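> Residue numbers (this note's numbering), protein chains in the order written: chain F, 1320 to 1569; chain B, 427 to 1113.
Hints may contain errors.
Unchecked claim - With a straight-line cut-off of 30 Å between C-alpha atoms, the simulated DSS-like cross-links for lysine-lysine are:
(1) Lys1018/B - Lys1366/F
(2) Lys931/B - Lys1426/F
(3) Lys1376/F - Lys982/B
(4) Lys1361/F - Lys1050/B
(5) Lys1376/F - Lys931/B
(6) Lys1461/F - Lys1071/B
(7) Lys976/B - Lys1361/F
(8) Lys1341/F - Lys935/B
(9) Lys1341/F - Lys982/B
(10) Lys1098/B - Lys1426/F
(11) Lys931/B - Lys1341/F
(12) Lys895/B - Lys1565/F
(13) Lys1432/F - Lys931/B
(14) Lys1098/B - Lys1376/F
(15) Lys1366/F - Lys1098/B
(16) Lys1376/F - Lys1071/B
(17) Lys1376/F - Lys895/B
(18) Lys982/B - Lys1361/F
(19) Lys904/B - Lys1376/F
(20) Lys1361/F - Lys1018/B
(21) Lys1341/F - Lys976/B
(22) Lys1557/F - Lys1050/B
(23) Lys935/B - Lys1376/F
Said to hold, decoys possible - If you anchor each label on the Cβ, the simulated ranges turn out as follows:
(24) Glu1107/B - Lys1432/F: 40 to 50 Å
(25) Gln1510/F - Arg898/B: 22 to 32 Å
(26) Leu1419/F - Met1065/B: 40 to 50 Å
(27) Leu1528/F - Glu1072/B: 29 to 39 Å
Hints are computed from structural coordinates only; laboratory data are not their basis.
Given the structure is predicted, the values throughout are model-derived calculations rather than measurements.
All residues carry an ideal CB built from backbone N, CA and C; glycine is no exception.
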Amino acid sequence: MLRTIIIDDEPSVRNTLHGLLKRTCPQVNVVGEANSVATGIKAIREKSPDLVLLDIKMDDGTGFDLLNHFEHINFKIIFVTAYEEFAIRAFSFSAIDYLLKPINPEKLAKAVKNAEMLKSKDFGTQLSALRENIENPGGVIKKIILKNQESIFLLKVDDIIHCESDGSYTVFETTDTQRILVSRVLKDYDQLLAGSGFLRVHRSHLINLKHIKRFDKQDGGFVVMSNESQIPASTSGKERLLELFKEIES
Amino acid sequence: MDKVLKHIFVIFLFCGLHLSLQSQVNFPLNQHVADSLEKLLPSVSGKERVDILNGISYTLIRHYSSKSDSLSSISIQLAKRIGYKEGLAKALFCKGTNDYINGNFIDAMTILYEALELYREIGDTNMIIETYYQIGAVSYFSFTDLKEGLNCVQICLDYAKASGYKHWESQMYSSFQYLYSTAEDHENALKYLKIYSSFAKKITVPRLEEAMVIAAYGRAYTQMGEYRKALDQYLNTWIRINPDDIEERAYLAQLSYSIGDAYNALGVSDSAGYYFNLGMALARKNKHYWGSMMNSLGLARNYLASGDAIKSALYCDSTLYFGSQIDSLRSFYGIREYSKLLGMSGELYIPLNKQYKRFLAWRVMAGAVQILLRIREQQGQYQRALRVNIQLNKINDSIVNFQKRTEILDLQYKYQSQHKDDQITLLSQENQLQSFKISRSRLLLFAVIAISILLLLILILFLRQNGIKSARKVAEFKQRLLRSQMNPHFIFNSLTSVQNLILQKDEIKASVYLSRFSDLVRNILKNSQVELISLEEEISTVENYLELQKIRFPEKFDYDIKVDEKLESENINIPPMLVQPFIENAIEHAFKSLDTKGHIIVSILKKSDSFIMEIKDNGIGRQKAQVLRNHLEKDRKPMATLITKERIKTINKKLKKEIYFDIIDLKDNFGKAAGTKVVFEIPPLSI
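Excised from the complex, chain B in its bound form (with noise of 0.2 Å):
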């Protein structure tokens, strides 16, 4: 309750300290000055008539704020079409404060803001405090946002400071007191108090500037609960009031209230009553809502203090009745040709909008429905009571409901303003991103080549040292491969049975193994050309290496080729000499020490578009012929089937075809090895 009074006592005195400054221009309302320049509007164009549009502008503020609006709007389109610095901000300044009244916030702190930058482009110090102070005003009524408003009041005082404006100081000392009084934080307020005063004594203090520095003090005595001295500063301030303003007199029915309050603190509740009852005299003369309801108030206190349950009633029914008024009309003033003027003294420098109005109104009368609410208990009127109460629920949720949408104005506002920082922190975080790429594009550039040389100087050093390892890998290989067809034992074992059919004087024979040899030998030749040869070729070239090997072993083994009738083999490829290195190791090792005669069966079978080859010997087995090769063998090791996989591998990988291999180890009825067979199912080739 007590709170509630405060914070509406403390508008007042904030607002009424800039009584001085504020009244040369804007207070009392210059009408004539509106009227004059109105004259003159149809005579002129340009930037002159920009600055007759906002000076009408300007001064309409407060009193027709409707009127204020849209003579700001021509005035921003006709100054920016012209390209008028001064007088676009200016209008744009009129534009926000509108925007405030009217209740449009975040356009007002939208607007206003670009009218400041515009000011600090143009260098006009004053306006620029000025535009800030009206932020902070925004700020504050329309935000609630305490913090913002010291802010502001600050940068203002620094302005104020460095430009050597001694009327923008002393407003700041004073604003500093009144929103430290608002934060009850008394001893910063009193110590703002003190410096202005201090201030002003070397400036000249205008009546009006006088009265309100002297209330303040009251209030700040009031705050620390010295309330004579307050009483003393309140009545001090009273004799400096015009009470035939009409205006003028609506503050002093609040100072009434003040002065009552004061004596009701004191305990003199007949004084205190006087006073309620002038604050009541004087608002009712025209009609001052907002007057009523703040001394009807105090009388309620005032007969609830005194044991008078039913007066109070009536005056709490009274204080209802005004904040309702105030409530439903928007207005402090139920006569509306006042309702443009100063209702209360928060008004006199800070328009308030209507809204705000009416939340003032709200809480007061909260205040009249809590004694309300105690004296229908008290009486034991419950069902009064009852009602009583649903009227504080309603006024509470409409308060609540203010302060939420307050709030979540701020966080809008808050939310657009931290959007725009971080678009503006982001625009500015890209140039510097985009001059520091520029400083180091250079450098950069340098780098990147530097890199780029060195990697491709280590890619060709890769390369190059990868294609000679390849290269003799390929060689190598392909030596291996030649060597594993080209047995030199064969050769020359063969080439010696030759001879030795020649000393039989066999000359066909010698003939028929000479030329089987020299096919086989030009076969060899022609792999290391060709990398597929027709299956044809491949048959009779495995006949003249087992023909020849079986002149060198007639008794070791015997062979047979079958051949699938179904095959074409004349039309289907086949790597060369893929399987004469198996046939070979059959013959050298699957046959030692093996009591039976060898055989060796090579067979090739259609598998659907594939076709299988298969070599079976029943000798020892791998196991057994890998034990029994003597040390001279050990050393070349069993290259056929490795030297083969690379070469399938590579043939598969050229080709992308699958050639499968494989090496089977067969084994009889009892589990003994019984031989080896090799299996390789060839897929259609071609290159």
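One chain only, chain F, in its complex shape (with noise of 0.2 Å):
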């Protein structure tokens, strides 16, 4: 059974998510409830749970405030937000699951489910990441998690330099010459990076701007990155790309 605790401040809210794991996750054991940050570690302090579901917005603070009081995170974490724009990228960019509210009950059982086959040490890889993200000033986010089959890898964004689509995969290329294969599919990536200094170039190319090393204009055009991979660029991957460069020249 997986002993999990609802931190919420509004009673609907518990009372939703507790009858929704009720009737889609019969492995879930409902073991506690808490209405603030406060009484939420007390909870889990000592009902030691499986999973927590956790409000990040409550009367006397948030959800991460509450995480800054545990050392070690021996519990995965499912997070509930009604609207939390800021949090939610930073939830991409460590690829940990969050609901949003009123709440998709598919979404919880997923969710859930994630939750229970997710490995404790991954888990903590994903949860750093959050936090750096969570904790930078002016809100950039700094750290990716990249997932696959055999691993999980915690990267800094700047150290991307190239992302190739391969199908329904994504191919990363970074600074350290790895090449990490994701079962993403590049939109994904491309929706995720494009506010941090990320262009699509190509259907099949997003590349990091702060890596291009040069345009050369010939054979239609192709960037050359820092690590002297050439990237082709569409017509209209190309003309982002100039109107770019014409910023930074003024």
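Using the hints, put the two chains back together into the complex; each one sits in its own frame.
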């Protein structure tokens, strides 16, 4: 059984989560509920849960505040939020599951399943990425979690040179010459990294602008990256790139 | 005393010098010329008539001034009518000169200048010089303006030299000599006399002019104290004068005085007395008061010097008698028909006006009275001395009055001419400005167009920029307003509450809250379209909102909505969702760490025309609430106040009304924070 605690300041939300868990996740045993950060900490310490459904915004603080009170997090967390733009972005980079209110029962079930499967060590990596990203002043995302079958990678966003689409996979090239294959489509990462200095220069290529060495106009134009890899640019990609150059020039 | 006589003598010299020239026209009076011209008058018309009128007028100027004056007036009219410029100029010259003689000095100047302008246009140098000379004479004899006199003479000299009029040139040298002599600048006086002499050698010198030059030297020597030399010159002059002519004899009477004066200075009082007596005799023959007066004075001084006070006093009395005759008759002659003759040498060329004649007489009389006063005092006849003194004061008063009058005249004239000059200057400046403007107008036009275009461009850019800015600002504001009313946390948590009701299988309740929620969302959406809704609608929105919040936090707070029954809430307008942000603030922040249950009271009260809407909570107060905000919230700041202030400002401006808005921190009896009260006072609003 998955010992679970629900922490949310709104009783109706707690009730909803509780009710849905009962119906969709029979493996879950709700061992406690809390309506604030303070009571949440207390409940976790008392019950040592396997899983915590954690609201982000509460009267006396946030879910992240709560986590700061634990040195080793030996429980899985599913964040629950009504609307927290910045936090959601941080979750995405950290590949941490979160639920939006009102709760979609299917997503809840999937998230619980994921949490069940996740190794504690890997979750620790994800969580540390999340913390770094959340705590960054100005909200600049610095770290990203990449997951595949074999392992989970914590990368600095700045170290990613280039992402290439490979069917339903995406290949990451990094400064330390790693090539990481992730089973997610490039489009997802395009959306994720668009605000962090990445540009889709081609249907199959997402590049980190910080790693552009030069733009070669030959053969329809291609971008030469810091690791000398040559990235072809589509017509529209070229235009966007040249626009960026112009902006930098001026 | 001496100065007075010197002055008079100088006038006589000055005028005398021009006898040679003027005798051709004016001296002696060409009565027959005037008569013969007058005979022609009825038979002529047009230009010829103007010429004849001018001729008569010009001839009669000195002797029949009034007739000359009226003729010149007729001539002016005629010349103007027929457009005869030369004739008009001459007539104006006559008229101006007559005005001077009759004491209308300012008119004289004005008319003479008119004549001068015409002569300039015509280019008659001879008459330009004569007119200038006349102007100089008026300047000096009417306004006692020596500087202007010198100036005019210099102009005349320049014209004379340029045009080769020798007779004018010589006349100007003598005029300079005279003027410098008056100014007691003897060196310059003698210098011009010598220039005259050397110049005169080259031309034929008529008898009288020769006589005057010699007399002038005598005058110069007298001034330098060389009486012997002076006497020689005077005596040399004497023999050149014809004693049978009344006017020349008048001159001789004056010359007698000069000779006697020189003898007196040399201490030869017998000879002096002889010449004074001779002068008396010459003057007496034609009742020539001027001559009698001067020589009487000479004798009075002579007797005084020889110690015969009684005889001196007698001649003083005589001097005063002749003087008073001149004063009352305003003429140098005691015989009426001689009154138009030249009574003194000063009149030979420059006709003296009557006032000036009186003035000259007063000055001589003053000299006599001074002698008389001294005699009476010496005799100890103080009563008589006193009477004499009174007489002296009277004469001096007259002299001072005359001088003041000329000063005033001078000022008046100068003011007028200055005014005219200013006007001329102004006109020319205006002309310059005009031409400047014309020449500049193109450039100016270009400049104006260029600047206008530039300004327009700047304005357009500015407005566009401003428009973009304000459009962006409006959009941003609308978004913020919407965000403040449509707090995502509220929305999604409310929906979750509904979700909970569904899970609880409380279908009715779920339906009610879903409906309330929909109403609220509808209202929020509506807000972006309308600016005012009815108070009734607003109250129901507030209630919806509070109800929905209450399912989220059933234990957190209670609420009351109190509406004044006097309010016709369906007919009163209010900006939508005005109070909602403050209710939300209360729920989200006011009741944190509050032991007791929170309470929100929304009250709506009528206040005359307006109504008051209050949101009161019993929370922890604004200050503490701010401290307790977590870091995610701190980023969001309490927008409600800012946004509401901005919103009210915009509404007030647009509707030209004054919505009052205030937040009051409530205190309990111990001064501790006991909640917050938000107050709106809303006047009747309509769009």
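> Tell me, in ascending order, the numbers of any earlier hints that this structure violates.
6, 10, 15, 17, 22, 24, 26
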